[in-house]
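Novice: Spelled out from the first residue to the last, the chains are:
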Amino acid sequence: AQSVTQLDSQVPVFEEAPVELRCNYSSSVSVYLFWYVQYPNQGLQLLLKYLSGSTLVKGINGFEAEFNKSQTSFHLRKPSVHISDTAEYFCAVRGETSGSRLTFGEGTQLTVNP
Amino acid sequence: GAVVSQHPSRVICKSGTSVKIECRSLDFQATTMFWYRQFPKQSLMLMATSNEGSKATYEQGVEKDKFLINHASLTLSTLTVTSAHPEDSSFYICSARSRVGQSGGIHFGNGTRLTVT
Numbered sequence: 001a002q003s004v005t006q007l008d009s010q011v012p013v014f015e016e017a018p019v020e021l022r023c024n025y026s027s028s029v030s031v032y033l034f035w036y037v038q039y040p041n042q043g044l045q046l047l048l049k050y051l052s053g054s055t056l057v058k059g060i061n062g063f064e065a066e067f068n069k070s071q072t073s074f075h076l077r078k079p080s081v082h083i084s085d086t087a088e089y090f091c092a093v094r095g096e097t098s099g100s101r102l103t104f105g106e107g108t109q110l111t112v113n114p
Numbered sequence: 001g002a003v004v005s006q007h008p009s010r011v012i013c014k015s016g017t018s019v020k021i022e023c024r025s026l027d028f029q030a031t032t033m034f035w036y037r038q039f040p041k042q043s044l045m046l047m048a049t050s051n052e053g054s055k056a057t058y059e060q061g062v063e064k065d066k067f068l069i070n071h072a073s074l075t076l077s078t079l080t081v082t083s084a085h086p087e088d089s090s091f092y093i094c095s096a097r098s099r100v101g102q103s104g105g106i107h108f109g110n111g112t113r114l115t116v117t
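These protein sequences, in sequence, are chains F and L.
Just so you know, the numbering used here puts 101 at position 101 of the first sequence, and the rest follows in order with no gaps.
Just so you know, the numbering used here puts 66 at position 66 of the second sequence, and the rest follows in order with no gaps.
Calculated from the structure, these hints are not laboratory results.
Warning: the hint list may mix true and false statements.
So these bits of chain L aren't anywhere near chain F, every CB distance computed over 10 Å [as the list claims (entries may be wrong)]:
no., residue
1, T17
2, L26
3, G53
4, L68
5, N70
6, S73
7, T75
8, T78
9, P86
10, E87
11, D88
12, S89
13, H107
14, N110
Cut-off 30 Å, straight-line C-alpha distance, at most; resulting in silico cross-link-like pairs (BS3-like, lysine-lysine) [said to hold, decoys possible]:
no., chain 1, residue 1, chain 2, residue 2
15, F, K49, L, K41
16, F, K49, F, K69
17, L, K41, F, K58
C-beta: ideal position from N, C-alpha, C; glycine also.
Modelling step: build the complete structure from the supplied sequences, incorporating the hints.
Specialist: If you want it as C-alpha cells, here you go:
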C-alpha cells in the first residue's frame, strides 16, 4: 500500500514569485508519481508524472517536479507563478504493478495574489 | 490526447430519487474505470473500481446497493446513486485507464456536482 502526504494545505504567494508545493510518499514497492491540478468544479488535469529515467520532470504550464528517492519526495515547483495558477494541486502515487490504484494526497490550495 | 467525458456536469434531484452519472472514454478503450467522491476542500476518495464486463470492486464503507456501478462496454461506465439523500450531495469524478500506456494512462472526467434537496 502507498500513502501520500502533502505538507501544506494552503500556500499563498504573490504573482511572479516562485513556489514549491511539497509532497512526500511512502511505499513498500516502486511507484509512479503524479501531480494533478483541479480548478473549481472541474475534474483533475495531469500536470506531470514520473515513471522512470530523469528525476527532474517537466510538465505543462511551466511546472516541474523532482523525484528524490532517498527522501521519498516529489515536490512541485514553478519559478514564477501567475494569477491563473490559483487552484488545488494534488500529488498522487501508484504502484508499478498492473492494477495498482492511485492514492491521492490531501491537496494543496495554491492562491496567487496580485 | 485521451478524453474522458462525464455527464451531467451538474444535477439537482429530490430526496428519494435516483440519479445516473455517465463516464465515457471518447477516443480510447478503457478496461478499467474508477469512481471517486470528493467533499468540499478535501481529496478524492476512491469509491469503486469497475472492469468491463465484470462486477465493480467497492472500497470499504461504500454501499454497493446505493451506488450502482455498471461497466457494460469498453467506453462507458455508469454510476447510479439510488434513493439519494442530502448527505449524498457531493462532487463525483470518474477516471479511466487506457489499454495503451498502462503505466500512466489514467484520464479524468470533469466531474459531476450532485445536489440532493
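Novice: What are the numbers of the hints that this structure violates, sorted from low to high?
Specialist: 13 and 14
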